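J.: So the protein sequences, as listed, match chains A and B. The numbering of the first sequence is numbering that gives the first Met the number 0, which starts it at 0 and goes up by one. The numbering of the second sequence is numbering that gives the first Met the number 0, which starts it at 0 and goes up by one.
Read the hints as simulated data drawn from the structure, not as lab findings. Predicted model, so just to flag it, every value in this text is computed and none were measured. Accuracy of the hints is not assured; some may be wrong.
As the list claims (entries may be wrong) - Label-pair restraints from in silico Cβ distances:
1. B:Ala-67 / A:Val-240: 41 to 47 Å
2. A:Val-240 / B:Leu-280: 26 to 32 Å
3. A:Gln-173 / B:Gln-162: 53 to 59 Å
4. B:Thr-328 / A:Gln-101: 49 to 55 Å
5. B:Val-274 / A:Glu-277: 42 to 48 Å
6. B:Arg-331 / A:Ala-336: 26 to 32 Å
7. A:Arg-353 / B:Val-274: 46 to 52 Å
8. A:Trp-252 / B:Gln-162: 36 to 42 Å
9. B:Gly-183 / A:Asn-292: 27 to 33 Å
10. A:Gln-342 / B:Gln-162: 53 to 59 Å
11. A:Gln-342 / B:Val-39: 24 to 30 Å
12. A:Arg-327 / B:Arg-346: 36 to 42 Å
13. B:Gln-162 / A:Gly-172: 21 to 27 Å
Claimed, not checked - Partial pick of chain A residues on the chain B-facing surface, computed with a CB cut under 7 Å:
14. Gly-157
15. Gln-158
16. Gln-162
17. Gly-199
18. Ser-236
19. Arg-238
20. Arg-255
21. Ile-265
22. Gly-287
23. Leu-316
24. Pro-372
All C-beta atoms, glycine included, are put in the ideal place defined by N, C-alpha and C.
There are 2 protein chains.
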Amino acid sequence: MPTNSLPVAGLTPAPAIGFDGRGLAATSFAHLREATADGVGILRPSYGPGEQTALEIVKGIAEQYGLATAWDGAANLVITLAGLQPDMPFVLCGSHLDAVPQGGNYDGSAGVMAGLVCLARMRAEGVTPPRTLKLIALRGEESAWFNKPYLGSSALFGQLTEQDLALKNQATGQTLADCMRECGADISRISQCEKLIEPGSIAAYFELHIEQGPVMVARGFPVAVVTGIRGNIRHRSVRCVGEAGHSGAVPRWLRRDAVFATADLISRLDEHWRVLLERGLDLVVTTGIIATNATEHAMSRIPGEVEFSFEVRSQSLETLEAFYHLMRTECRNIGKARNVEFQFDRRLDSAPARMDGTLVERLRTLSKQLGLPTETIPSGAGHDASIFANMGIPSAMIFIRNENGSHNPREAMDLDDFMKGTELLYHALLETK
Amino acid sequence: MPTNSLPVAGLTPAPAIGFDGRGLAATSFAHLREATADGVGILRPSYGPGEQTALEIVKGIAEQYGLATAWDGAANLVITLAGLQPDMPFVLCGSHLDAVPQGGNYDGSAGVMAGLVCLARMRAEGVTPPRTLKLIALRGEESAWFNKPYLGSSALFGQLTEQDLALKNQATGQTLADCMRECGADISRISQCEKLIEPGSIAAYFELHIEQGPVMVARGFPVAVVTGIRGNIRHRSVRCVGEAGHSGAVPRWLRRDAVFATADLISRLDEHWRVLLERGLDLVVTTGIIATNATEHAMSRIPGEVEFSFEVRSQSLETLEAFYHLMRTECRNIGKARNVEFQFDRRLDSAPARMDGTLVERLRTLSKQLGLPTETIPSGAGHDASIFANMGIPSAMIFIRNENGSHNPREAMDLDDFMKGTELLYHALLETK
Numbered sequence: 000m001p002t003n004s005l006p007v008a009g010l011t012p013a014p015a016i017g018f019d020g021r022g023l024a025a026t027s028f029a030h031l032r033e034a035t036a037d038g039v040g041i042l043r044p045s046y047g048p049g050e051q052t053a054l055e056i057v058k059g060i061a062e063q064y065g066l067a068t069a070w071d072g073a074a075n076l077v078i079t080l081a082g083l084q085p086d087m088p089f090v091l092c093g094s095h096l097d098a099v100p101q102g103g104n105y106d107g108s109a110g111v112m113a114g115l116v117c118l119a120r121m122r123a124e125g126v127t128p129p130r131t132l133k134l135i136a137l138r139g140e141e142s143a144w145f146n147k148p149y150l151g152s153s154a155l156f157g158q159l160t161e162q163d164l165a166l167k168n169q170a171t172g173q174t175l176a177d178c179m180r181e182c183g184a185d186i187s188r189i190s191q192c193e194k195l196i197e198p199g200s201i202a203a204y205f206e207l208h209i210e211q212g213p214v215m216v217a218r219g220f221p222v223a224v225v226t227g228i229r230g231n232i233r234h235r236s237v238r239c240v241g242e243a244g245h246s247g248a249v250p251r252w253l254r255r256d257a258v259f260a261t262a263d264l265i266s267r268l269d270e271h272w273r274v275l276l277e278r279g280l281d282l283v284v285t286t287g288i289i290a291t292n293a294t295e296h297a298m299s300r301i302p303g304e305v306e307f308s309f310e311v312r313s314q315s316l317e318t319l320e321a322f323y324h325l326m327r328t329e330c331r332n333i334g335k336a337r338n339v340e341f342q343f344d345r346r347l348d349s350a351p352a353r354m355d356g357t358l359v360e361r362l363r364t365l366s367k368q369l370g371l372p373t374e375t376i377p378s379g380a381g382h383d384a385s386i387f388a389n390m391g392i393p394s395a396m397i398f399i400r401n402e403n404g405s406h407n408p409r410e411a412m413d414l415d416d417f418m419k420g421t422e423l424l425y426h427a428l429l430e431t432k
Numbered sequence: 000m001p002t003n004s005l006p007v008a009g010l011t012p013a014p015a016i017g018f019d020g021r022g023l024a025a026t027s028f029a030h031l032r033e034a035t036a037d038g039v040g041i042l043r044p045s046y047g048p049g050e051q052t053a054l055e056i057v058k059g060i061a062e063q064y065g066l067a068t069a070w071d072g073a074a075n076l077v078i079t080l081a082g083l084q085p086d087m088p089f090v091l092c093g094s095h096l097d098a099v100p101q102g103g104n105y106d107g108s109a110g111v112m113a114g115l116v117c118l119a120r121m122r123a124e125g126v127t128p129p130r131t132l133k134l135i136a137l138r139g140e141e142s143a144w145f146n147k148p149y150l151g152s153s154a155l156f157g158q159l160t161e162q163d164l165a166l167k168n169q170a171t172g173q174t175l176a177d178c179m180r181e182c183g184a185d186i187s188r189i190s191q192c193e194k195l196i197e198p199g200s201i202a203a204y205f206e207l208h209i210e211q212g213p214v215m216v217a218r219g220f221p222v223a224v225v226t227g228i229r230g231n232i233r234h235r236s237v238r239c240v241g242e243a244g245h246s247g248a249v250p251r252w253l254r255r256d257a258v259f260a261t262a263d264l265i266s267r268l269d270e271h272w273r274v275l276l277e278r279g280l281d282l283v284v285t286t287g288i289i290a291t292n293a294t295e296h297a298m299s300r301i302p303g304e305v306e307f308s309f310e311v312r313s314q315s316l317e318t319l320e321a322f323y324h325l326m327r328t329e330c331r332n333i334g335k336a337r338n339v340e341f342q343f344d345r346r347l348d349s350a351p352a353r354m355d356g357t358l359v360e361r362l363r364t365l366s367k368q369l370g371l372p373t374e375t376i377p378s379g380a381g382h383d384a385s386i387f388a389n390m391g392i393p394s395a396m397i398f399i400r401n402e403n404g405s406h407n408p409r410e411a412m413d414l415d416d417f418m419k420g421t422e423l424l425y426h427a428l429l430e431t432k
């Protein structure tokens with residue numbers, strides 16, 4: 000009978016007693032997919048029915064393996080394996096089970112399933128961990144349903160405001176408070192911003208997740224250790240205002256062309272970006288939206304205005320602020336040089352989250368011992384791990400190689416890669432003392 | 000009693016016999032404005048009622064001054080003052096009397112009124128020109144009504160196709176053929192593409208027009224001589240196609256960002272433009288329209304495509320072709336460097352028209368003698384003069400300073416400037432032998 004252990008150098012090999020982690024994962028992923036398929040992708044609305052289905056499937060599997068299950072005050076599922084020191088802070092792993100509309104099967108569920116395979120294996124193999132281990136299957140991580148992410152984890156730490164609870168499901172119009180209540184969450188405590196869990200009771204938080212970008216495929220890493228979760232500074236709308244005019248009749252020196260000015264800005268930011276990357280900074284810059292004013296633009300009219308979005312992301316708050324400052328400075332420079340004005344709507348901030356340095360190093364050491372790459376990678380997308388990290392809980396993430404990005408049904412995670420990451424998580428959970 | 004002559008060096012001063020050209024112009028412009036006002040601007044649809052009103056006002060004034068009037072085969076108004084050599088090709092001046100919706104009072108009418116003042120003055124002052132002089136008040140110059148410009152002049156040279164005649168008035172839906180017929184045009188000959196006038200019978204064509212750009216205001220020229228009418232090469236739609244992706248999760252080296260690629264293109268074209276202007280080439284470059292795909296763009300999504308328009312204008316066909324080639328080359332360079340593709344719709348061409356070198360020099364010499372600036376300027380907008388020039392008729396244009404551009408009710412031509420240009424036209428008509 001095959002074991003799912005990788006060749007391990009310097010670690011006790013997992014005994015071959017017949018626990019089939021790979022088979023468990025394959026069966027469970029297939030079960031999740033079937034139970035929540037919507038014809039195109041996966042339908043698991045945050046604090047909604049498909050998410051509930053997924054949670055119950057996970058609960059059922061855990062119970063088959065003799066693991067204790069419970070619902071926490073925010074209606075997240077918690078699976079527990081008692082350790083040798085039950086009074087010490089416990090080690091938590093987990094991820095989320097909701098998905099964006101027409102989402103993929105692995106975004107979120109991979110982390111829950113990895114934790115489930117680890118705890119089930121310990122149970123099946125009779126391994127008692129030094130600390131109590133808990134797996135949390137979180138709700139409401141995706142912002143697609145309520146325009147706000149990390150609902151299940153934020154609720155645990157008293158971080159949902161009255162306004163948040165009044166947010167409406169984009170599909171049904173039902174409020175978040177109602178949806179949470181229907182799922183069994185303790186709305187009276189949540190609406191008081193009570194902490195439902197003491198951060199000090201959690202010794203560490205581990206989250207395994209598929210990579211949502213193309214880096215690991217491009218560089219050939221099945222598994223990588225995440226160094227931090229990028230924060231961002233954004234403007235939904237920057238307007239460059241110049242002056243419209245006859246495209247044939249106004250020479251270059253008299254133009255106040257909003258499109259040429261904006262192209263100049265983007266090109267300058269691109270060059271700054273290139274140089275800052277060479278200096279080793281973590282940075283991505285995006286203008287996802289750009290448009291001239293459709294009520295007055297024309298092929299033969301010098302564009303008098305153009306509207307665009309701006310986003311900079313980095314793991315470093317200093318880099319975010321420095322690049323934002325650079326952008327505003329370039330807007331002023333271009334404004335003077337081209338006689339245009341850049342007008343900004345409200346600045347939106349999202350703080351970056353650093354993964355715990357000790358845990359990152361531990362994961363890299365374990366990776367080396369397991370024959371896996373020791374490469375690190377930033378997370379560009381947000382994760383519940385940022386909520387735990389920003390509550391002061393030492394947190395770490397493992398990324399699994401995945402093709403075609405996430406938030407679409409073409410997500411493609413290889414089960415071999417998943418099992419490598421799960422093996423890494425297994426040892427990390429046991430090593431956290 | 001004041002005369003309207005400017006100080007003239009080396010030209011016979013106009014005798015002071017009481018002809019008040021300035022008064023005639025002021026009264027006539029006011030009459031035109033009142034008769035065709037629509038509450039916001041001026042309403043003179045091509046081959047339509049307001050244009051007819053304007054033509055009849057001009058016809059009435061001409062007849063008051065004893066000038067012969069007639070309608071040609073395209074229903075343009077022709078006013079004649081016989082010269083000393085009636086069998087020689089005649090000298091023609093003119094412009095148009097239609098206007099865009101909510102247009103200004105001077106775009107077109109300035110040139111007709113200038114010719115009228117010149118011929119009326121000769122008549123009033125008993126001056127017989129060497130060649131017969133004709134003033135043509137053209138119809139249908141603006142493309143706003145039938146999506147095609149230069150209708151009245153094109154009809155004269157058999158250049159309206161069956162498709163053109165089937166074009167519909169954008170406001171009423173009536174066909175061009177019907178509108179022309181109602182105005183008295185000889186549709187049977189026009190639809191056969193017959194020439195209604197022999198190009199060889201026209202010795203020269205002069206057109207005075209307000210400047211539609213800001214150059215003369217900025218440089219302080221009341222009058223300028225036009226060197227040529229810019230042609231253009233255009234694409235209504237260029238699509239830059241890259242790959243969409245999560246803005247946080249895809250690093251710079253793996254991006255195929257359509258907006259950054261297009262900004263790069265525009266910035267490179269801007270720099271080429273700047274350098275080519277320093278080399279003395281005539282060139283304007285415009286991207287009047289740009290937009291990411293609204294069905295899929297988002298602030299946090301790397302834009303996978305962007306669509307934009309491209310236009311280059313120049314008086315020189317060589318410059319147009321060279322810049323177009325440069326643009327296509329840069330698209331290929333950027334395509335390779337950034338892993339995107341630029342896709343082009345049909346290329347649209349409009350040929351430039353050169354003004355006649357001898358006439359341009361004559362106008363500059365006369366300007367010097369009249370104490371006016373001898374500056375030249377390209378025409379970025381199109382004019383009927385391009386139709387005459389491209390029929391091989393020596394053609395020239397005089398621009399009058401005008402604030403706030405054209406095609407809007409805020410056109411602002413100073414009557415003093417107009418009279419300076421009219422004085423220049425007067426001498427040019429008499430000097431063309």
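J.: Please go over all the hints and tell whether each is borne out by the structure.
T.: These are the hints, each one checked on the structure:
no., hint, result
1, B:Ala-67 / A:Val-240: 41 to 47 Å, "53 Å, violated"
2, A:Val-240 / B:Leu-280: 26 to 32 Å, "30 Å, holds"
3, A:Gln-173 / B:Gln-162: 53 to 59 Å, "57 Å, holds"
4, B:Thr-328 / A:Gln-101: 49 to 55 Å, "41 Å, violated"
5, B:Val-274 / A:Glu-277: 42 to 48 Å, "28 Å, violated"
6, B:Arg-331 / A:Ala-336: 26 to 32 Å, "29 Å, holds"
7, A:Arg-353 / B:Val-274: 46 to 52 Å, "47 Å, holds"
8, A:Trp-252 / B:Gln-162: 36 to 42 Å, "40 Å, holds"
9, B:Gly-183 / A:Asn-292: 27 to 33 Å, "42 Å, violated"
10, A:Gln-342 / B:Gln-162: 53 to 59 Å, "45 Å, violated"
11, A:Gln-342 / B:Val-39: 24 to 30 Å, "28 Å, holds"
12, A:Arg-327 / B:Arg-346: 36 to 42 Å, "39 Å, holds"
13, B:Gln-162 / A:Gly-172: 21 to 27 Å, "52 Å, violated"
14, Gly-157, "27 Å, violated"
15, Gln-158, "21 Å, violated"
16, Gln-162, "21 Å, violated"
17, Gly-199, "30 Å, violated"
18, Ser-236, "9 Å, violated"
19, Arg-238, "14 Å, violated"
20, Arg-255, "10 Å, violated"
21, Ile-265, "4 Å, holds"
22, Gly-287, "5 Å, holds"
23, Leu-316, "15 Å, violated"
24, Pro-372, "17 Å, violated"
Hints 1, 4, 5, 9, 10, 13, 14, 15, 16, 17, 18, 19, 20, 23, 24 from the earlier list are contradicted by this structure; the remaining hints agree with it.
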